[in-house]
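**Q** One letter stands for each residue in the lines below.
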Amino acid sequence: MGTQVFDVVQQQLAPMTGEFSRSHGTLVIALPPAALLDIVRRLKSEFGFDLLLDVTAVDWPGQAPRFEVVYHFYSTTHRVRVRLKTRVHEADPTVDSLVSLFGSAGFMERECHDMYGIVFRANPDLRPILLYEGFAGHPLRKDYPKQQEQPLVPYRT
Amino acid sequence: MTMAATTIPIHAAKQRSPSFEYLSTKKDELVGWARKFSLFPYPFVTACCAMEFMSVSSSPYDTDRFGAALPRFSPRQSDLLMVVGTLTHKQAPILLKVYEQMCEPKWVMAFGACATSGGFYQNYAAVAGIDKIIPVDVYVPGCPPRPETVIDAIMMLQDRIARSQHLIVNDRF
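Residue numbers (my numbering), protein chains in the order written: chain B, 1 to 157; chain V, 1 to 173.
Keep in mind the hints are simulated off the structure, nothing from the lab. From a predicted model like this one, the values you see are computed outputs, not experimental measurements. Worth double-checking, as some hints may not be accurate.
Computed list of lysine-lysine pairs in DSS-like fashion (alpha-carbon distance at most 30 Å, straight line) [to be verified]:
id : chain 1 : residue 1 : chain 2 : residue 2
1  : B       : Lys142    : V       : Lys90
2  : V       : Lys132    : B       : Lys142
3  : V       : Lys90     : B       : Lys146
Can you make the complete structure from the sequences, with help from the hints?
**A** Here is the structure:
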């Protein structure tokens with residue numbers, strides 16, 4: 001496996017960003033939201049991480065930056081994965097969109113916006129993709145009531 | 001050469017049996033008997049129960065034996081709405097529109113645990129049973145239901161059709 005690319009990535013990117021760790025054979029980088037776009041651009045162009053696998057988020061209720069936006073990338077040359085994590089506050093849950101680098105980020109960011117309310121700056125189309133127009137709230141946030149329904153059709157009495 | 005061709009009249013010796021000349025029934029029963037053997041299902045298939053629907057309609061179990069085999073993919077040509085699988089809130093307006101497009105007489109079968117009650121989904125996305133949206137005539141439990149259960153439900157529905165009053169039967173018919 002090409003895990004030696006991790007050492008190179010860590011060496012090169014260390015001045016720009018925060019913590020590095022390894023988890024289940026994956027390089028994990030925790031970084032501030034301001035550094036995200038630069039790091040992803042360098043991962044793609046210099047280190048061959050050319051496939052965006054997933055964009056999702058984690059809600060940590062009670063913690064200071066409440067949301068953690070998580071990205072997974074895969075390198076088709078080195079055949080290894082790297083995971084980026086960045087924390088955003090509840091008051092302004094905004095990160096930069098990756099659509100300028102990966103077209104596939106568009107739909108995944110829309111889903112993440114549906115479910116967690118993360119705002120992806122410069123994503124041109126953040127309409128609901130799995131939910132429907134008029135749905136209030138974000139169902140995968142921990143404070144969304146588990147059984148709260150928002151029916152589109154009035155129930156029969 | 002005097003060999004005369006003999007013709008044998010087919011019904012010559014057969015006596016007419018008077019017992020089969022008349023049939024007495026009620027108009028409702030006659031219409032019900034006709035309708036219960038010509039159910040045209042509309043499969044509103046949303047989820048994994050579809051596999052069981054395919055199984056029950058294909059040859060080993062064969063709903064054609066009950067006259068309920070030919071799926072019509074237009075609601076206007078069908079009279080049995082089979083809701084097969086989970087109904088989400090996003091789909092509920094579509095189901096209601098399909099139901100309203102069907103002509104009378106029409107019946108609805110809730111196929112599987114999710115269509116019956118929401119099944120194990122108790123969340124923001126799933127409707128807890130299609131009977132919150134449209135009236136249901138027969139519920140089929142199971143996750144997914146056995147083909148025998150579906151056949152039993154069709155037979156129950158046929159019984160109900162045979163016993164019910166039909167709007168087409170009035171003083172002019």
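**Q** Decide if the proposed pair is consistent with the structure: Lys90/V and Lys146/B, CA atoms, cutoff 30 Å inclusive.
**A** Since the Cα atoms of Lys90/V and Lys146/B sit roughly 17 Å apart, the hinted pair holds (cutoff 30 Å).
**Q** Please work out if Lys132/V and Lys142/B have their alpha carbons no farther apart than 30 Å.
**A** Between Lys132/V and Lys142/B the Cα gap is close to 27 Å, so the pair holds against 30 Å.
**Q** Given the hinted pair Lys142/B and Lys90/V, is their alpha-carbon gap at most 30 Å?
**A** Holds. Lys142/B to Lys90/V sits at ~22 Å (cutoff 30 Å).
Consistency note: the structure conflicts with none of the earlier hints.
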